[in-house]
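Start from chain E and add chains V and D according to the hints.
Protein chains in written order, with this note's numbering: chain E, 1 to 353; chain V, 1 to 92; chain D, 1 to 393.
The set of hints was computed from the structure by calculation and includes no laboratory data.
If a hint is listed, it holds; no wrong ones were tucked in.
Derived DSS-like pairs: lysine-lysine, alpha-carbon spacing no greater than 30 Å straight-line:
no. : chain 1 : residue 1 : chain 2 : residue 2
1   : V       : Lys33     : E       : Lys58
2   : V       : Lys33     : V       : Lys12
3   : D       : Lys210    : V       : Lys66
A short, non-exhaustive set of chain D residues, derived as facing chain V with CB atoms under 8 Å:
no. : residue
4   : Leu194
5   : Gly195
6   : Leu252
7   : Ala254
Glycine included, every Cβ here is placed at the ideal spot set by N, Cα and C.
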Amino acid sequence: MKIIGIGTLFSGGRGIDAFQQALAKGWQAPSPLACRDRTLPAYQVDLDGMADRTVLKKLRRADKLSKIAVVAASDAVADSGLGAAEQQKMGVIVATAFGAHATTFAFLDGILEYGDAAVSPTIFSNSVHNAAASYISSALAIQGPTLTVTQFFFSFQAALQLADAWLREGRVEDVLVGAVDQVGEVMGYIAASRLAIARDGRIKPFVFSPAEAVPGEGAAFFVMSSRDRGSAYCTVDGLRFHDDLSGPVRSDLDILDADGLSIDESSYISSLVPGVPAAAYAPLYGSMMIGSAFSCAAGALMLKEQRCFASPVPDNPRGLAIVREPADSSIEFIRCIRYNCSTDRAVIELKKA
Amino acid sequence: MSKVEELAQIKKDLKEMLVRDLSLEDVRPEEIKDDEVLFGEGLGLDSLDAVEIVVLLQRNFGLEVKNMDQGKEIFRSIDTLANFVLENKKPS
Amino acid sequence: MNSRPVLITGLGALSAAGATVADTAATFRSGRPGGGPVTLFDSPLAYPAFEVKDLPRTFLREGLRTVSLALAAVDEALQEAALVKELPKFRVGVCLGTTVASQLNDLDFYRSYRSTGSAPLEPVERYLKGNLSDAVARAVNARGPSLTIVNACSSGADAIGVALTWLRNGLCDIAIAGGADELSRIPYCGFASLGIMSAELCAPFDRDRKGLNLGEGAGVVILETAECAAKRGASSDLFLAGYGSCADAYHLTAPHPEGLGLERSLAKAFAQAGIGPGDVGFVNAHGTATLENDAAEGKVLAKVFGPGIAVLSTKGFTGHTLGAAGGLEAVFTALGLREGRVPASAGFRNQDPLIPLAPVQKETPVSARFAVSTSLAFGGNNAALVIGREVKA
Chain E
1 MKIIGIGTLF
11 SGGRGIDAFQ
21 QALAKGWQAP
31 SPLACRDRTL
41 PAYQVDLDGM
51 ADRTVLKKLR
61 RADKLSKIAV
71 VAASDAVADS
81 GLGAAEQQKM
91 GVIVATAFGA
101 HATTFAFLDG
111 ILEYGDAAVS
121 PTIFSNSVHN
131 AAASYISSAL
141 AIQGPTLTVT
151 QFFFSFQAAL
161 QLADAWLREG
171 RVEDVLVGAV
181 DQVGEVMGYI
191 AASRLAIARD
201 GRIKPFVFSP
211 AEAVPGEGAA
221 FFVMSSRDRG
231 SAYCTVDGLR
241 FHDDLSGPVR
251 SDLDILDADG
261 LSIDESSYIS
271 SLVPGVPAAA
281 YAPLYGSMMI
291 GSAFSCAAGA
301 LMLKEQRCFA
311 SPVPDNPRGL
321 AIVREPADSS
331 IEFIRCIRYN
341 CSTDRAVIEL
351 KKA
Chain V
1 MSKVEELAQI
11 KKDLKEMLVR
21 DLSLEDVRPE
31 EIKDDEVLFG
41 EGLGLDSLDA
51 VEIVVLLQRN
61 FGLEVKNMDQ
71 GKEIFRSIDT
81 LANFVLENKK
91 PS
Chain D
1 MNSRPVLITG
11 LGALSAAGAT
21 VADTAATFRS
31 GRPGGGPVTL
41 FDSPLAYPAF
51 EVKDLPRTFL
61 REGLRTVSLA
71 LAAVDEALQE
81 AALVKELPKF
91 RVGVCLGTTV
101 ASQLNDLDFY
111 RSYRSTGSAP
121 LEPVERYLKG
131 NLSDAVARAV
141 NARGPSLTIV
151 NACSSGADAI
161 GVALTWLRNG
171 LCDIAIAGGA
181 DELSRIPYCG
191 FASLGIMSAE
201 LCAPFDRDRK
211 GLNLGEGAGV
221 VILETAECAA
231 KRGASSDLFL
241 AGYGSCADAY
251 HLTAPHPEGL
261 GLERSLAKAF
271 AQAGIGPGDV
281 GFVNAHGTAT
291 LENDAAEGKV
301 LAKVFGPGIA
311 VLSTKGFTGH
321 TLGAAGGLEA
331 VFTALGLREG
341 RVPASAGFRN
351 QDPLIPLAPV
361 QKETPVSARF
371 AVSTSLAFGG
381 NNAALVIGRE
391 VKA
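Just chain E, with the same shape it has in the complex (with noise of 0.2 Å):
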């Protein structure tokens, strides 16, 4: 399948111009997110900063986890140029690791403050997980088969081996997919709790051990296509799970998602093929679990534009071949390697249009 649309909202901006200007900056400072008493570090979207509202307007009761996604699905679709006869058949897939986790805590405050007579059936509508494909599919006019998906690290790399799973049975002859995640305050607490934070705002994807995160919101998503278009930006290549390791290994350039959820990174190094360097850009939009959909975000854009951006972070103290300048290059495919917690892997595999 092809890469034909890209929409992405993080930290640093709206669209893939935006992603594309951030990745050739480097790396940025995030900002505070209050936890009570104290502050973390985090890359937070703002939505109300946001020039074009205009999509906004369709969902004046929606949470910011469902505006997010439906401004980014909004913005691949536009990007792949589809008319509206085909955005009405495509299919959708969501991915999320937590959800619309703060929306479920508003309503958890609503039980306590209220009591369970005197919810609010708004933010209990928002806080189900497929609140916001639906927000997608009703503002986008999308009819075709609509499916939001979990799988905490991997939830990305599941719902792009569906789509192109549904690509190839015919279903549908495109696919929206992509991934949403939040940052918030509980979710700021547990992290806090459970992970180490980079207190200078760094995430250092190649220190790998103890690794540090600085949390991350946003949403990447893509227009998937079996047509033959021009206009391309990358083929997905394949899909690797865990012990799949069939085949040879093509790469010119490894994104490794190292970002932090994890003490121990480790595991990523044994990914590494010698003579084909390694990038990271978790530091530009924060750790997500399905940050996967940033760096296939960033390789669709490598491969389009025959360039590298460099690692924005270049801390490295075991010397591995990191992309340390941006350069234009000749690259023919691209892998995305993330690790889970259980050191399971899931591997996206790019290749030039």
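Coordinates of chains V and D only, in the frame set by chain E:
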């Protein structure tokens, strides 16, 4: 406060409550007319707003709307809502 | 579409209607609904619910009721498929739907955080180990694709549809598919606030229906490619013929009043199965007993199949089990085909003049080769499964 003043205050409170708690876009409280139809064609509220208003009345005025058939009449406009609140709210 | 046959070689069901498929069939014949007051948590609300009373201890996982329910149903289904010991030899996928298990909504954890700014993390750790499909895959040592579907009330049906796609694309040889959900205070309060819960036992499609009752349980099917079944000497006359799913693109909580997405989902499922509505013997409807669902669904079923089609809702026996519903009802649909009969639709008394059909009011024989299970979800998604039975000459 006279009944007339009280009713005017309730209407103002209700309009602010609807705009704020139903997250109405591009509508200011003072723009809602007292007799404007709230659901469907008028202000464009829907079934989810209706059940939200039930909770808002409960939280803000201590009022119970027992069933939605009754609700349909009460929720027709700001006028009908305000009258319901005035007639049923507990004396403060 | 690829038409590689996919057999159903095992069924597992656990709900207020019974701890096993056989128990459930007995409850269906008795016509006795199992709903009553909530005992699993305290709440001042007094809506009846359908709780699972006899969850076998072997499957209990502390603080993970949904996973426990799923493991019980998975075990039953694997037993029937004769796969309990054999499983690691095959590429096995796990695709289960849920709603409650996907949410970090532990009220004690949150209450503690709210009042003191800190809280013990055990509920969070449990949640992080409780991804439904992963937890089941680990428990049965399945190493194929694993995905949890969180599509609200159609999750279980969608999960079975996803597994069908996996099998037909060669991503696995066997799939454990369906749904599970526990009764939880959070959606109990939420559905009450939406004004769609009934204080009486639910009455799907009835003129005087007052809303749904929540339930809990797990429904699981073992799906496998015909090649895989043949290779291991297994057989089944039941097969999964088609799945269709379409969004209404209409509203967050209300179904499209004309059931647009459901009608399209049925058409897609028929196309994949290569059949028409005339080949279908009965429909296990979503039939939640809310005013809106039953009106929209009844209209579509009457339009697509004609008002004479045998329709039933099993929600009168199980309550609305949310993420489990599509899984349980796929099992009930397969059971109906296998037994050649469907039970009376529990809770129904009088036809609604606004719904152009009435559900079956007594145990009804069925002889057709195909049956359909429909699901309509919160959020406007719809799903239809076509299940078939090979009639031996």
